[in-house]
Amino acid sequence: MTRTRSSGWLLALVLTWVVLYPIAIIALGSVRGDVGWTTHYLLAFVRDSHEWGALWNSIWISFASVAVSGAIGIPLAFVFERLEFPGRRILGALVALPAVLPPLVGVIAFLFLYGEGGFVGRVVAALLGTQQAPWRLQGWGAILLVHAYSMYVYFYLFARAGLAKVDSSMIEAAHALGHGARSTLVRVTLPLLRPQIGAAALLTFMTALGSFSAPYIFGGGFRVMTTQIVTSKVNLDVQMSVVETMALAAVAFIGLILFRRSQGTRSVAAVGKGTPPTARSIVQPAARWSAAAVGWTFALVLLLPHATLIVVSLVPVGTWTTQLVPPEYTLGNYQALAAEPERMRPLVNSIWMAGVATFGALAIALWAGRLVVQKRVSLRKSIETLTTLPWAVPGTVLAIALATTFSVKAPWVGRWVLVGTVLILPLAYMVRNIPIVSGSVLAGFRQLDQSLDEAAASLGANRWRTLWRVTIPLLRPAILAGGALAFATALGDFVTSIVLYTFDTRPISIEILSALREFDIGIAAAYGVVLMLISAVAMAVGTRR
Amino acid sequence: MANSYLQLNNLTKRFGDQFAIDDLTLGVERGTVLALLGPSGSGKTTTLRLLAGFEMPDNGEIVVDGTDVTSMSPAQRRFGMVFQHYALFPHLTVGKNVAFGLSDQTASQKQQRVVEVLAMVDLTGFADREVTELSGGQQQRVAVARALAPEPRVLLLDEPLSNLDPGLRERTRRELRLALEQTHVTTVFVTHEQEEAFALGDLVAVIHQGALEQVGTARELYERPVTRFVAGFVGRASVLSGTVVSLDRVRVSGEVEWPGECPDGLESGAPVSVVVRPEAFHFTNGDGVGGTVVERRYTGASAFFLVDANGETLEIEAPVTAAEVGDRVRVTATDTRVFPERL
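First to last, the sequence lines map onto chains A and B. Following our numbering, the numbering of the first sequence begins with 1 at its first residue and continues without gaps. Following our numbering, the numbering of the second sequence begins with 1 at its first residue and continues without gaps.
Keep in mind that the hints are not guaranteed to be accurate.
Anything over 10 Å on all C-beta distances counts as not near chain A; from chain B, calculated [what the hints assert, rightly or not]:
#	residue
1	Phe19
2	Glu29
3	Gly66
4	Ser71
5	Ala127
6	Asp165
7	Ala303
8	Asn310
9	Pro319
Simulated coverage check for chain A against chain B, where a stretch passes if three residues somewhere in it have a Cβ under 8 Å from a Cβ of chain B [what the hints assert, rightly or not]:
#	stretch
10	151-161
11	165-175
Please keep in mind that the hints were generated in silico from the structure rather than gathered at the bench. Please read all numbers here as calculations on a predicted model, not as lab measurements. Glycine is no exception: its CB is placed at the ideal position from the N, C-alpha and C atoms.
Chain A with its partners taken away, still in its complex shape:
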């Protein structure tokens, strides 16, 4: 028993060290100068109207992203869960596709599609007979567009999963008690979906608040906190970046509490047992076909960014100038990626770093699962909280915290110089992956039958053999699902990479950015396509049953 206890303490210590400690260090850093305690930096932040503006922008754009994503995702969930129409199954899967686009890749796809020089821009300009598209893809509108595109998926998937579990007799009961369709929707169905909608809203808010790619590429004069932090960091105004980081972390924390509360405290799990899923209503032919038409149009719009990326990746450097569509298509960009070692390097970097980070996170998640679910150690609540905490911390905040903590050599307080080494990015990715993998693995552990473990033990298997032959095979779906999502997230990471990368360890996203800066749009797109494909393969492996 003492062995289990010390194992619990050790895991709690490791998690505290990589999760809580760095954040504590920057929290202290924001009120400490070279000569002791000071409120100087806080006051500098508070007095600067630019900073307030950026903070306010971060907050309102996050709320707006929640509103717009919900307005798209929730009705869509109803359409696909409650109506039967031609192509429902395949469309239902396509609609979730924005999820496989890494944030930066999605942003550049939008740039190539809706930007001034993008396909849609050129077509509209040609139709109007003007030189340029009558809009600029910039400012809050552009950011909100990208957020809505990538984040409505949360509402769609969560609300759909919730709807599939709603007991159809609840709806029938409301009808039998004299309530019509709308009244039933407002008074029964939506309240029953509250946990799912609340969870989607929380996830969207957190993602939007930590969003960096869209504001960085499209922001222009519109500043948000994440871009502000990176700018300060790049300008070597370390103290300001630390204070800004704390401000963003505080907003994230308040948002977390606010949205958690909105999910409600009541358990709305179905009462009684056995809840048959809702029978899908079949609508009249005209309605069926118009639903199908709307669905296909919508799917087409969703797929345009992916298609754009593929088309642009086939355009040789410098050949697409004023023409409506690119005049030439070759595989030259992909050949360049494969042939030039310096172009290949970011790919290799991203893959090994994401792989190491995923395995590290998985090891921690399995360790946590064994201690929290199976052994029920006394520290289990703290351990579980620590594994979910990084999720509530925007990527920029985490990056700055790690950069600050691991740029000092002070081994007796657990600080080493990792910044500038090959270790810092895998570490950062791993910390960001811990909540993703732990969520999945802990849920898997909770579904395990405890007596299987005991059966293995009674048959003479030792701990490791039980873990290897019984526990891990049973957890395989959870491990694959969590691992694939984590791997894809780390692979496409931009926000922590831009703070922590070195030239030798630069990942794909950083290379995409520099290709964009050199107007090698074909190369940038080719990287994007490769990233998209690897993510898609990982997700396909992860969700296979």
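Once you have looked at the hints, place chain B on chain A.
Same frame as chain A, but now just chain B:
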């Protein structure tokens, strides 16, 4: 029959090309409690869902108090429904669940009615509780209270007791019976357990393969079954194949003759099914069907014996000492029901 309070006329419902309900006609008088009894898949739940308006019939009509409600939505029908799994709204308290069907009333009217019906199901003071905190039996009573609150024209219950522990079932059944008697509401409920049907229902309608077999009191069904299915399904019974000898005699197992009133129009030698209750069988030393005792089940003073007679299994109620497992015995019957063989 065509002018009962609740009238189902020629109701037909197909799922694909499968008949769920086939030309069902049935009347229920005002204030009567009718049980729809049948094995699973017989169409009894479909009948209930047609009544509630959750399914539309392919043919036929449902009339309440002289008004055709067939094309009305569930919300317009003013039928109360108690679901098998209760379908209580987990996001609302007990009181708000009960008040859910009272949307056209003022707040004070609602509150008064909630207190009234909760008292009726013996849940006074439960209005502010969460439904998730209640036990299964309490949830069932809230579901009944919720359905009764808007004073429905007809109350429908889907397997009302099936979700309860056996120990709780009998008590809940008595309470439900009491609540129904108090309100005099016309009630239709579905069950596959005859004990429940007999205890709760004034009348029992036996449904089989989507068609109505017989409507009657429990005693009528037991003593005067009109179809072979009812004879076999209601109460315990053994079925043997036989042939007609005369108007009041049948022959089974080749040469044994038993009393049995044959239906009109059957000629001598026609194949029939002979249905015998366990208490009508006796072991005998004289003429009888020969067989071997394969099982003896004690039930107190008497026992049930299973006898294998050339492949047909007979169930006999007799004193415990009448035979042992393995004994060769002969069996005779003093009372039988005879039905034409369905070819």
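Tell me the hint numbers this structure goes against, listed in increasing order.
Number 10 - this is the single hint that the structure violates.
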